[in-house]
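Visitor: Listed below, chain by chain, are the residues.
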Amino acid sequence: MTMWKSVLAATAMALATSTAAMAQRTDLVVGVVLEPPHLDPTAGAAAAIDEIVYANIFEGLTRIGPSGEVQPALAESWEISDDGKVYTFKLREGAKFHDGTDFDAEDVKFTLDRARADDSTNAQKGLFEAIETVEVVDPATVTVTLENPQGSFLYNMGWGDAVIVAPESAETNKEKPVGTGPFKFDNWAKGSSITISKADDYWGEPAHLDKAEFRIIPDAAAAVPALLTGDVQAFPQMPAGDALPQIEADSRFEVVIGATEGETILSTNNKKAPFDQLKVRQAIAHTLDREAIIAGNGSGYGTPIGSHFSPANEAYVDLTDTYPHDIEKAKALLAEAGFEDGIKATLKLPPPAYARDGGQVVAAQLREIGIELEIIPVEWAQWLDQVFKQKDYDLTIVSHTEPNDIGIYARDDYYFQYDNPAFDKVMEELEVTSDQAKRNELYKQAQKIIADDAVNGYLFQLPKIGVWDAKLEGLWENSPIQANDLTKVQWAE
Amino acid sequence: MIAYILKRLSIGIATLIVASIVVFSVLEIVPGDPAQLMLGMNATEDALAALREQMGLNQPLVMRYLDWAGGLLRGDFGQSFTYSSPVIDLIAERAAVSLPLAVIALVMSTAIAIPVGLFAASRRGKAGDAVAMGAAQFGVAVPNFWFALILIYVFAVWLRLVPAGGFPGWEAGLWAGVKALLLPAIALALPQAAILARVTRSALLEVLGEDYIRTARAKGMPRRSVLWRHALRNAMIPVLTILGLQFAFLLAGTIIIENVFYLPGLGRLVFQAITQRDLIVVEGVVMLLVASVIIVNVIVDLCYALVDPRLRTR
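As you go down the protein sequences, you meet chains A and B in turn. One point on numbering: in our numbering, the residue at position 95 of the first sequence is 95, and numbering is uninterrupted. One point on numbering: in our numbering, the residue at position 281 of the second sequence is 1281, and numbering is uninterrupted.
FYI, nobody ran anything at the bench for these hints, they're computed from the structure. None of the hints are false.
Just a few of them, taken from the derived set where beta-carbon distance is under 7 angstroms, the chain A residues facing chain B:
hint	residue
1	228
2	229
3	385
All C-beta atoms, glycine included, are put in the ideal place defined by N, C-alpha and C.
Could you put the whole structure together from the sequences, leaning on the hints where they help?
Guide: In structure tokens:
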């Protein structure tokens, strides 16, 4: 009798587990390479912060969608005055912060005023610089007045650094983020994982997943077994190393090579001899063989670029043929500039593989025309200090991962030390233009100017190597902004 | 005995003070501005200034050292720049992984090494000795991260007995925690056991050549009793020395293993903190490691006295 009981129990158990397995799965473990230092996107530049919280926990007035387009978020709609200076935002009603407090116009005012205050530690304070005043009209309406028209204002408000926070929780967001998104923060086991779960009463379409865990796996050697055992079901940015072909061959997984906003360039010190001479920079541009550099960049993937602009953007123009690969021409240009005997210079390389490995290829290519590069590996902290801040460098390789950042070429004192009034003029015009077609036209002009000036060596767009379970749907193919948006992710039935 | 302990302790404290000055000044010389690193390339100059003010980076060096050292004495390790939580909490969380890992690895390596060493010494020159020492040689030569990867592929990917890495936290239960630490502990313990087995064997062989061993054998004592009662005890001093060194190594030197198994331990913490220029965390962890090395050395000294009665009366 007892034996029968246990057999029955076992059968019941087996049935229960198999039906559970057949029901749609609602949990997910996502592997991420870097642990965020904290979880407040309004107080740090680390991409790792946005890759957890953006769109999942926090929302801004607008948001950036999967193809880089501006979508309404906490602002349901908006009106722009004819002079382009006054934005009136109609806010989403019924939205709540995860601590139960209501979202309203006061929160918007608080957020924007906090980000542009004197003691603000917002890493992208420049996004808010154009704002003159923020006024609450009624709980569901806010007007933002700009000092001068800014064509990119709506896009700027979609950055992770511009998400709306509440005065009650702003100070504690670093440890315990409280936003308005479809997921709420659960737990952060430092060094190990961050867990979020579906928020109650979300104002919009609720998330499909009940629970998601971001597991921090810094090493390629550890990431591959984690995927193969099923411990982790998705790596939006897989540190696969040379194991990628093995994963591609496995039908359980899907490998999606997308584009990031990371223009990987051979940054050149435009004020330092001999790189202050256009002919020298053109010679370098003629020498760089992008396909070979991509093949040697550590992953073997990447899209060649001829200027500082993402191929995924609608305003992109292909300028890779501005200075076609031509060694003889390059040598001639170098001779014209007075360097028949060659040039000796340094190449400072930060830690990522695209720089350290790609740098070897670049150095070998430039050797062909007589430019001898001494390779100096640097850490990020040193890079920021020596190259970025003190501009103590000749050449360096780095990926500029901020979205839509061609405007940096107009900045005074930026580390390329590029200075061209014609380019600055295009950027000024762009600032006061909000018509999309005209903006695209101006973006194209800007790309052309810096490509012709060969400001930097334009190499390739950094790839986004996404690997996930083939049954998963809704993960982003490209990353037009730093984010791992899980709001539409679900398991196929 | 008490004078002996006091002397060891005062040397230890002096070492700690010197170490604190060295650690603090070395990290101040390291290039890189923590504020710039946190706010990134697009940060404006006034945002950077505001952050430096917040972090107290504007004060003079000596003031900051005294603040920090005074804090250490009160058990206050300061506030992490990047995590903005108390350093002592971070260390406590991570030590809950690293300490058990080091202890398990140490117990494993001792449990393997001493019997192997005894076995090899008692069969000196015979086939058993050659096999044991050959295996030990292999254990010393194999890099532990490679061995770790092989373990992962066999036991996690292929046999599915244990997770491939990660740590569920002790709140997930004792067994779940130990299970997650099992492979990393084996990967750490094997090279240590190999070294320890070789040391045990050679220490034993040296002792076995002593006169009193011959005397013991001559008075008719069985070989096995001589080995256990006279030889092993006297051979323990070099073995203990190595054990003490190994514990410090296990605690501090787990960076690679913690990366391969993505365990949230002290090694990972200090590695992350260095790359993010979270100097106060680096300082805290390094000081803790220095202190633990000193403490372990004192304990080893006391253990010498246990195995060697002559030291007790000194």
